[in-house]
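J.: Going down the list, the sequences are from chains A and B.
The first sequence begins at 10 in the working numbering and counts up one residue at a time.
The second sequence begins at -12 in the working numbering and counts up one residue at a time.
Check before you lean on any hint, since a few could be wrong.
Covered by chain A, according to a simulated footprint, are these stretches of chain B (three or more residues, beta-carbon under 8 Å) [what the hints assert, rightly or not]:
{"id": "1", "segment": "61 to 67"}
{"id": "2", "segment": "139 to 145"}
{"id": "3", "segment": "160 to 173"}
{"id": "4", "segment": "276 to 289"}
Derived lysine-lysine pairs resembling DSS-like cross-links, with alpha carbons at most 27 Å apart [what the hints assert, rightly or not]:
{"id": "5", "chain 1": "A", "residue 1": "Lys146", "chain 2": "B", "residue 2": "Lys178"}
{"id": "6", "chain 1": "B", "residue 1": "Lys180", "chain 2": "A", "residue 2": "Lys146"}
{"id": "7", "chain 1": "B", "residue 1": "Lys25", "chain 2": "B", "residue 2": "Lys269"}
{"id": "8", "chain 1": "B", "residue 1": "Lys185", "chain 2": "A", "residue 2": "Lys146"}
{"id": "9", "chain 1": "A", "residue 1": "Lys15", "chain 2": "B", "residue 2": "Lys185"}
{"id": "10", "chain 1": "A", "residue 1": "Lys181", "chain 2": "B", "residue 2": "Lys3"}
{"id": "11", "chain 1": "B", "residue 1": "Lys3", "chain 2": "A", "residue 2": "Lys179"}
Don't read these hints as lab results, they were simulated from the structure.
Please read all numbers here as calculations on a predicted model, not as lab measurements.
C-beta atoms are modelled at their ideal positions from N, C-alpha and C, and glycine is treated no differently.
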Amino acid sequence: MAILDKNLSLRNRNKILVGVWEDEDALVDAAHALVDKGIHIHDIYTPYPVHGLDRIIGVKRSKLARVAFLCGLTGLILMVTMIWYMYVIDWPINIGNKPVRFTPSWIPVMFEGTVLCTAYGMGFFFFWRNRMLFAVKNDLLDDRQTDDRLVVAIETVEGMNEAEVVELMKSKGAVETKEFQAVCK
Amino acid sequence: MIHDSLIRERLVTGDKSAADVTRDISRPILNQPSSAWKVGFTLSIVFLAIFGISLFYTLWTGIGVWNINKSVMWGWDITNFVFWVGIGHAGTLISAVLLLFRQKWRMSINRSAEAMTIFAVICAAMFPVFHMGRVWVGYWALPLPNAFGSLWVNYNSPLLWDVFAISTYFSVSLLFWYIGLIPDIATIRDKVKTKTAKYWYNFFAMGWTGSTRTWARYELVSLILAGLSTPLVLSVHTIVSTDFATSVIPGWHTTIFPPYFVAGAIFSGFGMVATLLVVARKVMNYENYITIGHLEAMTKIIMVTGTLVGIAYITEFFIAWYSGVPEEQYAFLNRAFGPYWWAYWSMMSCNLIAPQVFWFKWARTTPWFIFIMSIVVNVGMWFERFVIIVTSLHRDYLPSSWVMYAGSLTEIGLFLGTFGIFFTCFFLFAKFLPVINMAEVKSILRNRE
């Protein structure tokens, strides 16, 4: 599976029908109605997380938790290897004849290294998957989608009755409908 | 179907809409700085200058300009280090632990508390780093290949654990804070007018559009980061406490230190959060977002953790007597009735006795009183670290080494100077970034059940 989620870019797509809502409950009802009609919602843009929308539009459960676990495991192995090499193989220090192999005093450094690798590893894959990088530009469908408006994007497909979709959005409380066609570069 | 709650009080008052939240919270960023901001920022710069001068003098002349000596080798510096690290703990507690407990009242205060964490850890780091004396060889604390006969760092030493713990804590807190900021930076990006501002907010917004796909992953990442930060925050102050507890100094060699330090850290951290927010809500007109309910919740945590710390003080005293070790018994009697009695009783009255006033509702709901109490808590917690460090060191097993210790002007200057670092960072944060998490606050406007 490719790591980068290609759905996030609106470039190189068919025309997109855009519906704008102001009320969260109306949007959730509308999303249900659209999906029930067999219309595929490409994405919904909201200024704050609206729980359940991802399930309605068919976003699969994220695998980031497993990725985080693997990053943590990598961190743990790295830390154990590091301490083992420095402390047991390369230069064992005799402190009061205490054992040097796997003592409890290794635990704090192992723990901190594990946490650091989990957090940054997961963060790295999170940014990658979500097409996020410093200074990246993404297309906004509405100027206020990061302020107070909730925006539904439906990609047109052959045979879709566009007028019917727009009408359905309006009847379900969309305060504005428009079309969006990204300029392909 | 989702209903509005009939029994719970609203977390945000004033019947705000999402657009109101954006307008209110981005106002300081989009407008010219207020005169209160200018005064505060100038004052912070003055303190920052004090830090710069004290640090320059320390580095130019040598660590001898501090009054630390062979007996009291840790004085104001490590006191200040533990003080600032402790303050740093409330941010992660609010954002991580309260997130795991689904405490939605944290949403108005988590952003500034997280910022406070980062700035406090920066202040804290100054002290052990410059206490090294030869700060230019500070990198020796890192496990790097070197030419000194392959001499590696000592993994048995809590001081090394501290290097790992504090740097991990700082890095993870920074990531947590930044990920939390991205949706809000995007909101600001879409509001600012000037070209430079647009460029920089766009730079840091990382192309955020508010896509449902991104939000779903974002919430998962926040939850996992919270789950990671919770044991992390406990580990950090536990490790700071082992700096003391693994030694054999009377007064330090106790197993109660880790929980006692963690409770103290949360206590002092909430003290500082209260100090900042009581002022910020007034000056920035955020009374509808940081309500009396928020302040009351914080005072309850201050009272509980203050009492926990108080129990730890009393338990320590009891165990010293019960252990039957004369040095241990003397250390505690010396703390309470020796030459530093004033520090001990300042600590006791500020940390154990004073917070009991929060049993009364009036005390929990009166902002100016909470402000004064938060200062008392901060003073008390500074004295706690001073008492632990100085009274234990100044008289131990060998009476011929007994000395008195008082911080020099340079040490005092460095401490005051760190307030300059802290507040300069905080004022810049309040000017350029949203002090309240807009995205999260918007999600709780409708008091859902």
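J.: All the hints need checking, so say for each whether the structure fits it.
T.: Hints versus structure:
1. 61 to 67: n = 0 at 8 Å, threshold three: violated.
2. 139 to 145: holds (count 6)
3. 160 to 173: holds (count 6)
4. 276 to 289: Since three or more residues must qualify, the claim that chain A covers the segment 276 to 289 of chain B is violated, with 0 doing so at under 8 Å.
5. A/Lys146 to B/Lys178: 16 Å, holds
6. B/Lys180 to A/Lys146: 17 Å, holds
7. B/Lys25 to B/Lys269: With Cα atoms ~16 Å apart, B/Lys25 and B/Lys269 stay inside 27 Å; holds.
8. B/Lys185 to A/Lys146: 12 Å, holds
9. A/Lys15 to B/Lys185: 26 Å, holds
10. A/Lys181 to B/Lys3: 24 Å, holds
11. B/Lys3 to A/Lys179: 26 Å, holds
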